[in-house]
Structure formats: structure tokens, C-alpha cells
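Asks: Fit chain B to the supplied structure of chain A, relying on the hints for placement.
Listed below, chain by chain, are the residues.
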Amino acid sequence: MAAKVAVLVFPGTNSETETWRICRDVGLDARIVHWSQAATLPQFDAYVLPGGFAYEDRIRAGAVPAHDPMMDYVIEASQKGKLILGVCNGAQILLEAGLVPGTGPVRRPTAAFTHNGPVPHFVCKHVHLKLAVEPSRCAITAALAKNALIPAWAAHGQGRLAATPEHLREIMQGGHLAFVYAHADGTVNEAAVPNASALGCAGLTNREGNVLAIMPHPERDAWNYNHPDRRDTGDILAPSGGVKLYAALAEALNLA
Amino acid sequence: MSSRTVAIRLKIPDNEAYTALTALRRLGVDIARLERAEIWTFEDRGTEHDFVERVEGNETLFNPNKHELHLLEEGKPREGEAWIEELDAGEVAVRIADIAHGRRFVGWRLFSEGHTPADEATVRSATEKLLCNPAIERAITA
Chain A
1 MAAKVAVLVF PGTNSETETW RICRDVGLDA RIVHWSQAAT LPQFDAYVLP
51 GGFAYEDRIR AGAVPAHDPM MDYVIEASQK GKLILGVCNG AQILLEAGLV
101 PGTGPVRRPT AAFTHNGPVP HFVCKHVHLK LAVEPSRCAI TAALAKNALI
151 PAWAAHGQGR LAATPEHLRE IMQGGHLAFV YAHADGTVNE AAVPNASALG
201 CAGLTNREGN VLAIMPHPER DAWNYNHPDR RDTGDILAPS GGVKLYAALA
251 EALNLA
Chain B
257 MSSRTVAIRL KIPDNEAYTA LTALRRLGVD IARLERAEIW TFEDRGTEHD
307 FVERVEGNET LFNPNKHELH LLEEGKPREG EAWIEELDAG EVAVRIADIA
357 HGRRFVGWRL FSEGHTPADE ATVRSATEKL LCNPAIERAI TA
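If you read the protein sequences in the order shown, they are chains A and B. All residue numbers in the first sequence are consecutive under my numbering, ending with 256. All residue numbers in the second sequence are consecutive under my numbering, ending with 398.
Pulled out of the complex, with its shape left as it was, chain A reads as follows (with noise of 0.2 Å):
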């Protein structure tokens, strides 16, 4: 039987649809949460927070649902060790919830992805995810490849990692920094990052490695004609690169 996913759904998250179509099509049982649901989210194995704008982005992005009733089923989740994957909004909820880098206490953040510099701007953009940790580290990446690329899409106004020296510093040396921005050939440098994140930080985890917050949308690279230079060559609905994100989730959890 598959393993059992919930996209979670905040007063002004958009991206549930494509997130609930690449967990269905990676072999999930997939369903949409809305925020009126928040009962039924204990019978889900994982959680998948898709991108938006939850609650206007009000006061700070994220910082508002992170004190959602649907994120006390979530953290607890957590802390039983089921898998939690935040996307672009969902990944500044998950650092607002304390979740990842999950160095503080929960709900008392120690890192933001907050205004891209080094000018405030909003970025959409196609880019690399290059996996910056073993791939064991984290349950979600488990299944990938060593050093392995993954396209999507940036499409965020706040997606440069911000925190304290002492905090990024903590990142480093605990094994938080799960990606890294990349050119397509694999090489990190500045000009790949197109946010000025610090670290050149795509993606996170925590601790334990069961939660994963991303800035980028795989799922918006799933099908070959999502990827901009595949759109007019061979099948176009052929699985793309980001697809392989959502498969390794599938792996871990049918593996579970």
C-alpha cells in the first residue's frame, strides 16, 4: 500500500495542485489538507508544505502559519521522526517553526529565508539544487545520488538564507546545509546563487534529517516541458529532473 501524503493548504498557499500531482505520479497516496482539516493530518505518514503566500505573508513570511493549529500536528509529527518536506513557502514556515535548521527551541527560529539581496527583488529563475550533504543525512535524499543536481524553479521574493554568524556557523558544522545553488554542470559559485543566500544555501535540515525546507520548486521541472530547454524535443511528458526529488521521498517512505 502506498504511504500515505498530505500537501498542506494555509489561508493563501497556491502550489498544492503541481505538489499533489508529482506525489501522486512518484507512486504516493496524495491528498490536499486544508487548514479546516487540521484533525486528520495524524493519520498521514509524511507531510509536504507547498509554496504560496500562507496568511499574505504577513508579519514575515511563514511566521504566521508556523503558529497554525495545522503546524502543532506537523511539529509533532516531527518529533515521532515522520518525513516533513517544506517548498518555498512551506520552507519558510519550517524555519519559522523552529523545524529546520531546528537548532533553538521549536517555534523560536534561529535562520530565516527572508529578502533576496543584495537588493530586494524577486527572483524566477531556473537553477541547480546540488546536494550538499551525503545523501543518508537526510531521510528525503537518501535515495539520490552523491553531489546529485536537481532543476527547478526559483520563484520567490524571500529566499536568501539569513542568520546570525554564530547560527550559520552552527548550520555549517551540524550538517544543516542539505543544497546548494549550482550551475547546470555542477559547479557552485556566487554567480549561481541567485538570491545572495547565505552559504549559497538552496535547502536545509534538521538534526535528525527527517525534515527538508527547499527554496526552489522541483515540481515545477517534473515533465520535460517544465524545463526550458527540453519543451520543444522528444516526449514532453517525460519525466524531468526534478522529478527525482519526489521519487527519493517515495522511496524512503514505501521503504519505511
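Watch out, some of these pointers could steer you wrong.
To give an idea of the interface, some chain B residues facing chain A are shown, with a C-beta separation under 10 Å as derived from the structure [claimed, not checked]:
| hint | residue |
| --- | --- |
| 1 | GLU272 |
| 2 | ALA273 |
| 3 | ASP344 |
| 4 | LEU386 |
| 5 | PRO390 |
Not everything, but these chain A residues come out facing chain B in the computed CB check (under 7 Å) [claimed, not checked]:
| hint | residue |
| --- | --- |
| 6 | ILE59 |
| 7 | THR110 |
| 8 | THR114 |
| 9 | PRO118 |
Just so you know, the hints here were simulated from the structure itself, not pulled from any lab data. Since the model is a prediction, treat every value here as computed from it, not as a measurement. Even glycine gets a Cβ: it sits at the ideal position worked out from N, Cα and C.
Replies: Structure of chain B alone, referenced to chain A:
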């Protein structure tokens, strides 16, 4: 050169303040009302008599259809208020006559029942629980 401080508030209903109010109440912060304002501190080379007019002339900061501007007597938070500043924000260039730069804060003013400004402990609790992410912001209180 004179230091001047203004609070620019919505005169239409402030949905963001209402969301913050309900979220804070749910987190156990006992307040009756919450006001949000954009706070700007400026070093002004001009005269005081036309200062408000010059700031209101900047259409990026002030829209007369939805904003009201208050000149604050002191360049620090009022009773019951916290100012939140992004740690890496620094000075922001502004297009106002005789003013080159300003510092921007988000001001949150909390009131208890009877519209009395909230006490210091309540303001601190609200900033720690919701209004300030210390990884990227700092909170200044009265």
C-alpha cells in the same frame, strides 16, 4: 541637522494588524488592540515647519488615500510599542527634499483593555513569540 521621527499608519482597516492581533491572542498574549505603523527616522537638513509636507510628498512612503502620518516627539518607541528592524537593513535612501536617508522600522503598539498601552512584559512576550525573528531582526522597546 535635526533628527525627526514619523509613524505612517493605515487609516483604512489594517488586515495585517488584525491577523497579528488574533495570532497573538491565540498564543496567550492578552491584548485588546494592536496598531501597526511604518516608523521612519530621518536626519533632516530642512526646516521643521514643512517637514510633514515634504515626507507626505514622497508617494512611495505615503498615500493620502490610505495613510495618516504622525510626527513623533521622540525617536524611540512609545509606551506599549516595539519597533522591529531588520538586522541588515541599514540606512535606506529616500527621495525627500533635504533628507538623504532614513531608517525604517515596523512599529507594533499593543493596548490592553481600556486602550491603555500594554505593559513591558506583554510587549516583550509578543515580540518573542511572533513579532520578531531574532535571526534577522531586532526589537526595540520603550
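Asks: Now tell me, hint by hint, if it's right for this structure.
Replies: Taking the hints in turn, this is what the structure says about them:
no.	hint	result
1	GLU272	4 Å, holds
2	ALA273	9 Å, holds
3	ASP344	7 Å, holds
4	LEU386	6 Å, holds
5	PRO390	8 Å, holds
6	ILE59	6 Å, holds
7	THR110	5 Å, holds
8	THR114	5 Å, holds
9	PRO118	10 Å, violated
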